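Chain order of the listed sequences is A and B. Following our numbering, the residues of the first sequence are numbered contiguously, the last one being 303. Following our numbering, the residues of the second sequence are numbered contiguously, the last one being 303.
Read the hints as simulated data drawn from the structure, not as lab findings. Treat each hint with caution, since some may be false.
Said to hold, decoys possible - Some, not all, of what chain B presents toward chain A, calculated at C-beta under 7 Å:
no., residue
1, Leu188
2, Gly262
3, Gly266
As the structure is a prediction and not an experimental result, all values here were calculated from the model. Each residue gets a CB set at the ideal place from its N, CA and C atoms; glycine is no exception.
2 protein chains.
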Amino acid sequence: MKDNGKISKAVIKRLPRYRRYLEELMKKDIDRISSNDLSKLIGYTASQIRQDLNNFGGFGQQGYGYNIKGLYTQIGNILGLDQEYKMIIVGCGNLGQALANYTHYYKAGFIVCGMFDINPRLIGLRINDIEVMDSNTLEAYLEENQIDIGIICTNKDSAQEIANKLVLGRVKGIWNFAPMDLDVGDNIALENVHLSDSLHSLAYHINHME
Amino acid sequence: MKDNGKISKAVIKRLPRYRRYLEELMKKDIDRISSNDLSKLIGYTASQIRQDLNNFGGFGQQGYGYNIKGLYTQIGNILGLDQEYKMIIVGCGNLGQALANYTHYYKAGFIVCGMFDINPRLIGLRINDIEVMDSNTLEAYLEENQIDIGIICTNKDSAQEIANKLVLGRVKGIWNFAPMDLDVGDNIALENVHLSDSLHSLAYHINHME
Chain A
94 MKDNGKISKA VIKRLPRYRR YLEELMKKDI DRISSNDLSK LIGYTASQIR QDLNNFGGFG
154 QQGYGYNIKG LYTQIGNILG LDQEYKMIIV GCGNLGQALA NYTHYYKAGF IVCGMFDINP
214 RLIGLRINDI EVMDSNTLEA YLEENQIDIG IICTNKDSAQ EIANKLVLGR VKGIWNFAPM
274 DLDVGDNIAL ENVHLSDSLH SLAYHINHME
Chain B
94 MKDNGKISKA VIKRLPRYRR YLEELMKKDI DRISSNDLSK LIGYTASQIR QDLNNFGGFG
154 QQGYGYNIKG LYTQIGNILG LDQEYKMIIV GCGNLGQALA NYTHYYKAGF IVCGMFDINP
214 RLIGLRINDI EVMDSNTLEA YLEENQIDIG IICTNKDSAQ EIANKLVLGR VKGIWNFAPM
274 DLDVGDNIAL ENVHLSDSLH SLAYHINHME
């Protein structure tokens with residue numbers, strides 16, 4: 094079952110969340126779920142759920158609900174989680190190290206192949222059994238290795254320069270944790286995690302609770 | 094200048110981003126900017142920008158553009174960044190440690206007062222000069238200290254239990270990094286950073302670039 098390439102960004106953003114809930118249901122050995130029950134769990138309306146999942150050709154049978162395992166697998170396939178991704182992490186402070194470990198634990202299929210830093214005290218260390226290399230060797234490394242995803246955990250000042258090297262090094266996507274917006278052109282997928290934006294939103298909501 | 098409490102979530106989500114760009118302009122000693130020039134920088138349309146900022150009573154003068162410093166300050170005030178927030182971090186793995194340091198560096202006003210973990214090897218350590226306490230003392234700590242924000246960096250299995258303790262302990266907001274959705278009731282602000290959702294979105298976009 095393939096999507097038609099016209100799925101809205103908003104729907105795509107919701108898919109990982111659907112998948113997380115389906116995973117929990119599978120762990121509880123539940124086979125099927127109606128859009129109404131899924132709605133109670135996940136918080137979207139049942140009609141929203143039906144509309145979202147119809148985008149992909151409809152996994153549900155009227156009156157029988159959704160086959161949880163089938164839906165889980167197909168959402169995974171749509172997201173591309175049936176493939177492996179080779180990743181490198183640039184910037185090996187606590188956050189880079191956290192991601193190296195996080196990835197190892199949670200993300201089957203997302204494989205950290207290398208880590209890079211400019212700090213001589215980190216270069217040569219092994220983090221989660223991955224060697225930290227000198228950032229100056231990044232370009233050469235990318236020439237010799239086909240990497241899918243570059244993760245940027247550097248500070249703001251070097252993030253764009255690293256992004257440029259990743260683009261030249263033919264990565265397909267960049268996962269950016271530096272607190273700035275990167276210019277990577279139109280051919281590279283870019284996903285930002287702006288922690289300070291998230292914290293500032295939280296501050297707003299704290300001051301505007303009913 | 095106060096907002097009327099009816100600002101849409103979408104606008105609020107954009108405010109931290111506006112503020113980041115204004116901060117960069119201030120660093121370059123630029124005083125004023127038109128909505129057109131701001132549009133080129135930030136990527137929203139000029140009319141979107143005018144509409145967003147009009148929500149707060151209008152910071153710009155027709156023909157003169159926006160006063161950058163004034164706008165920066167007022168967006169900060171709207172977000173509540175003119176106040177201090179006392180925070181604790183529960184779960185002191187790499188991610189918790191990264192946040193302790195990150196916060197220290199970037200977030201004037203967001204003060205980590207305490208860290209908690211169940212791991213005996215971490216309890217008693219000082220991370221960024223903050224002592225790691227036993228998670229079993231969390232409830233007592235919250236009874237004695239008024240904490241504004243609880244940051245959850247535990248694994249999925251203990252996240253809801255920690256959230257319950259934070260709610261009972263009268264925090265105003267929860268910043269959740271555990272890969273699950275928490276139930277915290279309607280009186281607590283909740284901001285989730287679901288790293289796996291973000292990585293899965295990236296995978297999708299890698300497979301669906303033009």
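Structure-based check of all given hints:
1. Against a cut-off of 7 Å between C-beta atoms, the interface hint on leucine 188(B) holds, since the closest Cβ of chain A lies about 4 Å away.
2. Contact between glycine 262(B) and chain A, as hinted, is not supported at the beta carbon level, the nearest pair being about 15 Å apart and thus beyond 7 Å.
3. Given hint, glycine 266(B) at the interface with chain A, holds; its Cβ is 4 Å from that chain's nearest Cβ, closer than 7 Å.
Of the numbered hints stated above, the single one contradicted by the structure is hint 2.
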